[in-house]
Amino acid sequence: MNTTPIIDNNIWQPEFECMAHSERKALQLEYLQGAVSRSLRNPFYKKAFADKGVSVDQIKSLDDLQRLPLTTKADLRDNYPLGFMGIPRNEVSRYQGTSGTTGKPTWVAYTKNDVENWSNLCARFLVSGGLKKEHTVQLSFGFGLFTGGFGLHFGIEKVGAAIIPISSGNSDRQLTCMHDLAPEILICTPSYALKLMDTIQGGDIARSDLRLEHAFFGGEPWTENMRTRIEEGLKIRCWNNYGLAEVQGPGVSGECAYRNGMHIQEDHFIFEVIDPDTLEPLPDGEQGEIVITPLRREGFPVIRYRTRDIGYIINDGVCSCGRTTRRMSRISGRTDDMMIIRGVNVFPSQIETALMRIDSVAPHYMIEISRPNAMDEITVHIEIKPDMFSDSMIEMHKTKREIGAAIHSITGLNMNIDLVSPNTLKRFEGKAKRVVDHRNLVD
Amino acid sequence: MKIQQISLFLENKPGHLNAICRTLANNEINIVTLSLADTQQFGIVRLIVEEWEKARDVLEKAGHVVNLREVVAATVANTPGGMAEILDTIGKAGVNIEYMYAFTYRHESKAVLIFRFDDPDKAIEALTAAGRDVLDAPTLFAK
Chain A
136 MNTTPIIDNN
146 IWQPEFECMA
156 HSERKALQLE
166 YLQGAVSRSL
176 RNPFYKKAFA
186 DKGVSVDQIK
196 SLDDLQRLPL
206 TTKADLRDNY
216 PLGFMGIPRN
226 EVSRYQGTSG
236 TTGKPTWVAY
246 TKNDVENWSN
256 LCARFLVSGG
266 LKKEHTVQLS
276 FGFGLFTGGF
286 GLHFGIEKVG
296 AAIIPISSGN
306 SDRQLTCMHD
316 LAPEILICTP
326 SYALKLMDTI
336 QGGDIARSDL
346 RLEHAFFGGE
356 PWTENMRTRI
366 EEGLKIRCWN
376 NYGLAEVQGP
386 GVSGECAYRN
396 GMHIQEDHFI
406 FEVIDPDTLE
416 PLPDGEQGEI
426 VITPLRREGF
436 PVIRYRTRDI
446 GYIINDGVCS
456 CGRTTRRMSR
466 ISGRTDDMMI
476 IRGVNVFPSQ
486 IETALMRIDS
496 VAPHYMIEIS
506 RPNAMDEITV
516 HIEIKPDMFS
526 DSMIEMHKTK
536 REIGAAIHSI
546 TGLNMNIDLV
556 SPNTLKRFEG
566 KAKRVVDHRN
576 LVD
Chain B
1250 MKIQQISLFL
1260 ENKPGHLNAI
1270 CRTLANNEIN
1280 IVTLSLADTQ
1290 QFGIVRLIVE
1300 EWEKARDVLE
1310 KAGHVVNLRE
1320 VVAATVANTP
1330 GGMAEILDTI
1340 GKAGVNIEYM
1350 YAFTYRHESK
1360 AVLIFRFDDP
1370 DKAIEALTAA
1380 GRDVLDAPTL
1390 FAK
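Residue numbers (my numbering), protein chains in the order written: chain A, 136 to 578; chain B, 1250 to 1392.
Think of the hints as simulated: they come from the structure by calculation, not from any bench.
The calculated lysine to aspartate or glutamate pairs, modelled on EDC-like cross-linking and capped at a C-alpha distance of 20 Å, are:
{"#": "1", "chain 1": "A", "residue 1": "LYS535", "chain 2": "B", "residue 2": "ASP1287"}
{"#": "2", "chain 1": "A", "residue 1": "LYS533", "chain 2": "B", "residue 2": "ASP1287"}
{"#": "3", "chain 1": "A", "residue 1": "LYS535", "chain 2": "B", "residue 2": "GLU1347"}
{"#": "4", "chain 1": "A", "residue 1": "LYS533", "chain 2": "B", "residue 2": "ASP1367"}
{"#": "5", "chain 1": "A", "residue 1": "LYS520", "chain 2": "B", "residue 2": "ASP1306"}
{"#": "6", "chain 1": "A", "residue 1": "LYS520", "chain 2": "B", "residue 2": "ASP1287"}
{"#": "7", "chain 1": "B", "residue 1": "LYS1262", "chain 2": "A", "residue 2": "ASP553"}
{"#": "8", "chain 1": "A", "residue 1": "LYS520", "chain 2": "B", "residue 2": "GLU1309"}
{"#": "9", "chain 1": "A", "residue 1": "LYS533", "chain 2": "B", "residue 2": "GLU1347"}
{"#": "10", "chain 1": "B", "residue 1": "LYS1262", "chain 2": "A", "residue 2": "GLU503"}
{"#": "11", "chain 1": "A", "residue 1": "LYS520", "chain 2": "B", "residue 2": "GLU1260"}
{"#": "12", "chain 1": "A", "residue 1": "LYS533", "chain 2": "B", "residue 2": "GLU1260"}
{"#": "13", "chain 1": "B", "residue 1": "LYS1262", "chain 2": "A", "residue 2": "GLU518"}
{"#": "14", "chain 1": "A", "residue 1": "LYS561", "chain 2": "B", "residue 2": "GLU1260"}
{"#": "15", "chain 1": "B", "residue 1": "LYS1310", "chain 2": "A", "residue 2": "ASP522"}
Produce the complete structure using the sequences and hints provided.
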């Protein structure tokens, strides 16, 4: 455990972040009972609890959490669009969205209280990673349905710092802004930071003309090697945080000044790590699938949500920062075939949906991801079918463009389309392995 | 008055074109002429063969993606200006050429042009009216 701080050690809500274990456990139990009650307004949980033979009054200790049903992304999809909403429509304050598995997004609702809590939780990791009231922040996450943009916006506002809501894209404009408005803090995906680094190295604006000191990265998996590369290349310090829209968005956990893993905001979330095959709980320190129960959410009360993210819990005593919460590792992989490309979640099934717009029976395909320079590149190899083939090159280019446009309309990403001969892509027994990822995301 | 052309999808990989030619050779099918359209990623090979049905069947059986297209074959004088004259006729008729290729074949003083038109019937009409030689399959493949 690191015992020397890298930056000043600041804590946004010490009354919660540093509370005694026993006190927090009591609070978690009380909140859990509330979360379960709220979830029971939803027919899915009514049935799931009945199937397991559990009722709210049987939840007498935190161990009883194990008796509750797990929730998967497929459950959310089966109850599309708003089957998991815990409140009447007129109590919703905000909707955000995240990619679904079949082309339709997963909608998540927030009440006023949810937005308030979310803002404080974002403020917690921002402050622990060095954000101060007097700072200016360039917020280069997309503003829109993606939880990164508005989630962080309200967190920064909570702290009282100045926000430049520049959103994502257009590197030259990003650098002009970084130069002219002189923000100390940058928030974006780590791969976008690498791109900005390349833009600075080849452009007119010198690093010495920028005031940049810190960055917060999220939205996609990254590694310690990437951190070293960005910290040395951009001469800044970068901080990791974690979250997902299904349980809130960013602010679920984040690093402190000592960088001993990401502190889990345990007064708002109960974390479990399970074996994704047997679904049995795993002890702290063992790698498995992270399962999260948000305790305070009103708009979207999910119970034991299977994140499909792989990581482990660090529980080696109280961190030198003073926070008493357990911490989590970096995410080292996924249990499903979801890909995170330039901060966007993509499922192979979305590619299949797009291909079926071109032809009612999707051709055999394979997805290849690489990171040749800074940015992720994705190529979809498609085995050509007779009715996709034409003797005219103009027609062939048109087909390629149509496939690209269909994929873009579903995923929001531009992908390279590569047409190949029939029966040339590898076949698999049973479940097809559609994705080949050449990015090195694990140190 | 139209000729059947066979087109195949061609991946830019060593040996792919040879695999097609080998399949035809093994089935004793002679390629009268061919044209290749290529991009960085893939290509289209277009073939004129006499036994096009047999060629299509054996190529499909060998796992190739095959497309059939009716094209127009016309002859021009194998002298300077021969091509320009026929293009004048086509241009005046307002027909668009999607692609074309040329070869000489048992017509020593003449070249054969293969056209894919956006409106082949209109093109044939204009060519015939201008006194151009539009070839049907028996004439083209005559020994």
